[in-house]
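Construct the complete structure from the given sequences, taking the supplied hints into account.
Heads up: the sequence lines are chains H and Z, in that order.
Just so we're aligned: the first sequence equals residues 54 to 209 in my numbering.
Just so we're aligned: the second sequence equals residues 13 to 181 in my numbering.
It is worth saying that the hints were derived from the structure and are not from the lab.
Please note: incorrect hints may appear among the correct ones.
No farther apart than 20 Å at their CA atoms in a straight line, the calculated lysine to aspartate or glutamate pairs in the EDC-like style are these [claimed, not checked]: (1) H:203 with Z:122; (2) Z:117 with H:133; (3) H:179 with H:105; (4) H:203 with Z:165; (5) H:203 with Z:67; (6) H:137 with Z:67; (7) H:201 with Z:60; (8) H:75 with Z:50; (9) Z:152 with H:182; (10) Z:119 with H:133; (11) Z:26 with Z:109; (12) Z:152 with Z:141; (13) H:201 with Z:165; (14) Z:117 with H:105.
Okay, the calculated beta carbon distance ranges per label pair [as the list claims (entries may be wrong)]: (15) H:102 with Z:60: 23 to 29 Å; (16) H:147 with Z:83: 29 to 35 Å; (17) H:59 with Z:127: 32 to 38 Å; (18) Z:164 with H:70: 35 to 41 Å.
Everything numeric in this text was worked out from a predicted model, so none of it was measured.
Built from N, CA and C at the ideal position, the CB exists for glycine as well.
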Amino acid sequence: MNINEIEVGYKLPVFTSKTSVKSIQMGAITSRDWQPLHRDQTWSKEVGKLPDIIMNNYTYSGWLSRYITDWAGPSSRIGELDFKMITPIIPNDLMVFQGEITKISKCTKNITWFFIDISILVQDNKVTDSSAKVAIPHNNNPVNSPWKLKKEDWNP
Amino acid sequence: MNSLPEKVQNWIGKVVVTEKEVITVEKGLWQNYCAAIEDGNDLYWNSEVALEYTDGLISPPGMLPSWSASNEWEPNQKDRNRPMELHFLLKEALNLELGIVAGIKFKYFEPVRSGDKITSEQKLMSVSELMETKLGLGRKWNIDVIYTNQNKDLVGLQSVRMMAYTKNK
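Following this line, the structure appears as structure tokens:
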């Protein structure tokens with residue numbers, strides 16, 4: 054990817070992944086969220102009045118971050134991530150991630166900020182609305198890595 | 013009753029819950045999380061690549077709040093806070109039995125690395141009037157969380173938009 058060729062309106066590659074009972078439980082447990090609505094199907098339906106166990110918010114942030122860095126590469130650095138959960142994501146949902154660049158601005162001489170709107174769709178319905186701000190270096194030279202910026206120069 | 017109890021009014025604008033260094037950040041824990049979301053980012057897995065770009069492996073940013081969550085069980089454990097304890101304190105104070113997260117905003121600062129110990133401060137920003145929601149009668153509230161490491165460096169800010177309700181009978 055040549056980031057110098059990316060303009061506002063650029064669409065990130067679509068990414069899909071199907072959830073399962075195991076993947077939603079794994080996301081919750083490994084993010085240290087012990088609440089029953091993320092791991093106990095009986096509790097979720099009978100007490101929580103939910104359709105099934107639902108994905109916890111730290112798993113959402115993981116998937117959204119992964120979508121960004123899968124595209125931008127490991128040298129990219131996420132500064133900001135905002136998301137709104139419209140409808141819960143449950144087991145056997147096929148998540149479809151779509152992203153679009155909405156703004157581009159300079160971070161340093163060798164690093165650019167990209168602002169991305171991201172949606173997660175399930176069966177053509179938008180279930181999550183998100184926006185992110187990610188710093189991407191102009192090349193793969195580690196010297197230009199945004200992770201090497203001094204604390205005072207990192208202003209997400 | 014629509015008005016807020018005095019206790020809750022007094023919490024607004026203040027840090028109500030502090031979680032101080034409840035666990036130590038470690039690679040094995042974050043790699044389990046990466047496995048759950050199938051995230052193969054080299055910065056979380058590959059020491060050589062991470063050393064080039066970030067001076068060593070880092071924890072995925074999505075896991076930041078997890079480093080303030082106590083173990084589900086520990087020997088000789090007495091009182092253990094729940095994840096986002098302030099949310100539960102509000103539910104109890106306002107007699108709202110169920111709660112959900114509507115949205116979250118993160119800002120990420122210093123990366124989190126193996127061996128770090130994270131402290132978080134949960135600050136109540138606002139509480140709405142009672143309202144009819146799709147799920148039942150309830151309230152919305154906003155909680156800000158400030159995360160710092162053992163060196164007092166800011167590692168992240170989180171704003172959580174939550175809702176709690178009494179289910180419709």
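Status of each hint after checking the structure:
At roughly 10 Å between alpha-carbon atoms, residue 203 of chain H and residue 122 of chain Z fall within 20 Å of each other, so this suggested pair holds. At most 20 Å may separate the alpha-carbon atoms for a hinted pair to count; residue 117 of chain Z and residue 133 of chain H meet this at roughly 7 Å. Only pairs whose Cα atoms come within 20 Å are accepted, and residue 179 of chain H paired with residue 105 of chain H is accepted, the gap being roughly 18 Å. Our distance criterion of 20 Å between C-alpha atoms is met by residue 203 of chain H and residue 165 of chain Z, whose separation comes to about 12 Å.
About 13 Å separates the Cα atoms of residue 203 of chain H and residue 67 of chain Z, which keeps this hinted pair within 20 Å; it holds. Under the criterion of a C-alpha separation no larger than 20 Å, the hint pairing residue 137 of chain H with residue 67 of chain Z is inconsistent with the structure, at around 33 Å. Our distance criterion of 20 Å between C-alpha atoms is met by residue 201 of chain H and residue 60 of chain Z, whose separation comes to about 15 Å. In summary, the hint linking residue 75 of chain H to residue 50 of chain Z is supported, as the alpha carbons are separated by about 13 Å, within the 20 Å threshold.
The straight-line distance between the Cα atoms of residue 152 of chain Z and residue 182 of chain H is roughly 19 Å, inside the 20 Å bound, and the hint therefore holds. For the hint pairing residue 119 of chain Z with residue 133 of chain H, the CA-to-CA distance comes to about 4 Å; that is within 20 Å, so the pair holds. Among the hinted pairs, residue 26 of chain Z with residue 109 of chain Z is inconsistent with the structure: their alpha-carbon atoms are about 24 Å apart, more than 20 Å. Pair hint residue 152 of chain Z plus residue 141 of chain Z holds up; C-alpha atoms about 8 Å apart against a cutoff of 20 Å.
The hinted pair formed by residue 201 of chain H and residue 165 of chain Z meets the criterion: a straight-line CA distance of about 16 Å does not exceed 20 Å. Under the criterion of a C-alpha separation no larger than 20 Å, the hint pairing residue 117 of chain Z with residue 105 of chain H is inconsistent with the structure, at around 25 Å. The given range of 23 to 29 Å is broken by residue 102 of chain H and residue 60 of chain Z, whose C-beta atoms sit roughly 49 Å from each other. A hinted range of 29 to 35 Å for the beta carbons of residue 147 of chain H and residue 83 of chain Z is consistent with their spacing of about 34 Å.
Distance hint for residue 59 of chain H and residue 127 of chain Z: a CB-CB separation of about 37 Å, consistent with the stated range 32 to 38 Å. Restraint check, residue 164 of chain Z to residue 70 of chain H: a C-beta distance of roughly 38 Å satisfies the suggested window 35 to 41 Å.
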